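Q: Chains A and H, in that order, are what the protein sequence lines are. Residues are numbered in our numbering as their position in the first sequence, beginning at 1, plus a constant of 24. Residues are numbered in our numbering as their position in the second sequence, beginning at 1, plus a constant of 24.
Hints listed in this document are in silico derivations from the structure and should not be mistaken for laboratory results. Values in this document were obtained by computation on a predicted structure and should not be read as measured data.
Since the list gives no way to pick one copy over another, a pair counts as held whenever it fits inside one copy or between any two copies.
Keeping only pairs whose Cα atoms sit at most 27 Å apart, straight-line, the calculated DSSO-like set for lysine-lysine is:
hint: 1; residue 1: LYS89; residue 2: LYS350
hint: 2; residue 1: LYS329; residue 2: LYS89
hint: 3; residue 1: LYS358; residue 2: LYS35
hint: 4; residue 1: LYS209; residue 2: LYS250
2 protein chains.
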Amino acid sequence: MIPNTNYNNLKESYLFYHIAQKTKLYLEEHPEAHLYRMGIGDVSLPLCGEVIKALHKAVDDQGEKSRFHGYMPECGDPELRKIIAEYYKKRGVGLSQEEVFISSGASDELGDILDLFGRDKTVMIMEPAYPAYVDANIIAGNKIIHIPSGEKEGFLPLPNESVTADVIYICSPNNPTGAVFNYDKLKQWVDYANRTDAVLLFDAAYEAFIEDEDVPHSIFEIEGAKNCAIEICSLSKTAGFTGTRLGYTVIPGALKRNGMSLNEMWIRNRTTKTNGVSYIIQKGGAAVFTEEGQRQIRERIQVYKNNAKVLMDALDQLGIWYCGGKNAPYIWMKCPNGMGSWEFFDYLLHEIQVVGTPGEGFGACGEGYFRFSTFGSPEDTKEAAGRLVKLLAR
Amino acid sequence: MIPNTNYNNLKESYLFYHIAQKTKLYLEEHPEAHLYRMGIGDVSLPLCGEVIKALHKAVDDQGEKSRFHGYMPECGDPELRKIIAEYYKKRGVGLSQEEVFISSGASDELGDILDLFGRDKTVMIMEPAYPAYVDANIIAGNKIIHIPSGEKEGFLPLPNESVTADVIYICSPNNPTGAVFNYDKLKQWVDYANRTDAVLLFDAAYEAFIEDEDVPHSIFEIEGAKNCAIEICSLSKTAGFTGTRLGYTVIPGALKRNGMSLNEMWIRNRTTKTNGVSYIIQKGGAAVFTEEGQRQIRERIQVYKNNAKVLMDALDQLGIWYCGGKNAPYIWMKCPNGMGSWEFFDYLLHEIQVVGTPGEGFGACGEGYFRFSTFGSPEDTKEAAGRLVKLLAR
Chain A
25 MIPNTNYNNL KESYLFYHIA QKTKLYLEEH PEAHLYRMGI GDVSLPLCGE VIKALHKAVD
85 DQGEKSRFHG YMPECGDPEL RKIIAEYYKK RGVGLSQEEV FISSGASDEL GDILDLFGRD
145 KTVMIMEPAY PAYVDANIIA GNKIIHIPSG EKEGFLPLPN ESVTADVIYI CSPNNPTGAV
205 FNYDKLKQWV DYANRTDAVL LFDAAYEAFI EDEDVPHSIF EIEGAKNCAI EICSLSKTAG
265 FTGTRLGYTV IPGALKRNGM SLNEMWIRNR TTKTNGVSYI IQKGGAAVFT EEGQRQIRER
325 IQVYKNNAKV LMDALDQLGI WYCGGKNAPY IWMKCPNGMG SWEFFDYLLH EIQVVGTPGE
385 GFGACGEGYF RFSTFGSPED TKEAAGRLVK LLAR
Chain H
25 MIPNTNYNNL KESYLFYHIA QKTKLYLEEH PEAHLYRMGI GDVSLPLCGE VIKALHKAVD
85 DQGEKSRFHG YMPECGDPEL RKIIAEYYKK RGVGLSQEEV FISSGASDEL GDILDLFGRD
145 KTVMIMEPAY PAYVDANIIA GNKIIHIPSG EKEGFLPLPN ESVTADVIYI CSPNNPTGAV
205 FNYDKLKQWV DYANRTDAVL LFDAAYEAFI EDEDVPHSIF EIEGAKNCAI EICSLSKTAG
265 FTGTRLGYTV IPGALKRNGM SLNEMWIRNR TTKTNGVSYI IQKGGAAVFT EEGQRQIRER
325 IQVYKNNAKV LMDALDQLGI WYCGGKNAPY IWMKCPNGMG SWEFFDYLLH EIQVVGTPGE
385 GFGACGEGYF RFSTFGSPED TKEAAGRLVK LLAR
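Sequences and hints are given; from them, build the entire structure.
A: As structure tokens, then:
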């Protein structure tokens, strides 16, 4: 039996693994060092009180015969699906609860969703990009069109009519660049997808960080998107669920290709390939959408936004080009003095013990750039920003 | 864009959906009726105290900054992986923790694991079988060899050297038949897989129900299995996690095909396609394996075993052929008087309000047989058994 040989086409080691190895080595050589970790986009604040309360209640339910829940509906708890449909309604997007699917998180869903498209598809990935977009498609054996972007267009590439694909990934607010598509730019992608019969996979994991009025939180704020887009969302960054795991996916009933309803296909996929998401976690997730839950998660998001402000101020002071930070929890800076990404990584680690992420890890066009996550502690972020200014202002 | 057209090859409606529709219709016509539900294999007893305690503690951790857990390792909490490796050690199977992967449950994993094998594989499915085995492979576009089995061999087919496949599903204790492979029979499958270069996917979801000494709980109790088998396990039936979701998968380091390590491929798959299983749920799962946790889940399993005894006694009294029940939570009976599976389903529903599962739903060779789940309440099971005897002894 010959297993999936596409695995042989994957690059040997994963970006974050490589970073972990380098920092581990540094700590072995400098056991006394404190590292300012602004590399991996993991949150540092705990779950909010409303969620904790709901989780405890759900745990109690699972311990009582009269309130115990066995198998959950494969596509999600109908109550949570309804709550999320209402959340969309508040910003003017009308969805039925049957268009909302509950998932174990965006990264899980981004991998699973490829099942809808079948073999030998051409996928378009705008780079710099989250590495898993590329790797999941290598495993699936799809053809990948890498769309590089750069400073000139603010890392926001627009469609090129001469290049078409079956599936197009869009992440806005973007990981890693923090760049955001406004309404007009997103409309160009939606129109292009509808014209070329493509499906947009819209990764909205960072929507809760958007401040600007003209930046859509959901692709479905754009006219025509229900005919061409799937939106993949997560509570990981919105509500600190990175280790608790919950997300949701919107597949509109209107989304059809070759006469097949992708919504109906996904129902069939979920009923075949899962037994639903944990009752306990879904109850915790529902608490995020209550009035008090929303207030509490906003408080936490504000802490990360203050971190972003501290880093942006430092870069402004240094006169260094960057994007992101305002509508996104990532800041994407140009490495100073023509340094390469990994060179700058080593420089920061060794000189000021600050750990970020080399832009090159997100695609070739990321070379010469560097990502900071704003999810660290305020104290560490302030100290790191101070060290950065001191080092680079020399 | 043409989506995955394999979905068009799926049968229109799923077994359990069809049962749900029939019972719903009956209840609309008989709103006062109480149904004795022994159809879907969902547990009825709540989680045990040790698990509830651990879940509460983990929820508290997620609410405290100093104890908060973000992203979990994609292949599972190392502590839980170690605990499970030790669980195997107790029955003489030596595993390293790196050979154990934590999953969101066996059904999720059975779907995801096909990623390892790639395209155009031939899979062998012994029937009667859990319908998702077939459907997941239809979605993947694999060729399916259906191996029918029957009363003659006790629904335990043995390998036929003239038929080979890339991947072979084995479920023991079996769902739906409750039949179990003993050491000698399993050894024949292991040897056959090694001879023919196939990979065995061993579904061990019901291992905790095994009583007989000569029935292996794990395929890895068989010599040679580490060179040909993947074992997929679940806490759903073992510890009542159907709605809480946790499972584990063993992929031995020795399992290689075409020079590729399936263990290493799965690590790469998980790090690409997931962000790990919920911290809270993994902590709850760990409590299952403590001494007190094991005692408590044994108590619950005994309740289901008593249900099985009640049903087996009824069938013995009626002189009806069946298998399962002793080492498995399912009983597979021959429909009386040459009735068809769905005919018998309707007969029981209408005459005595007992809901089971028609054998035909598990493959053509299941026609004329019927499955009872033993996961219902003792009261309902006793009443259903009494009604069955009264009806069929006429």
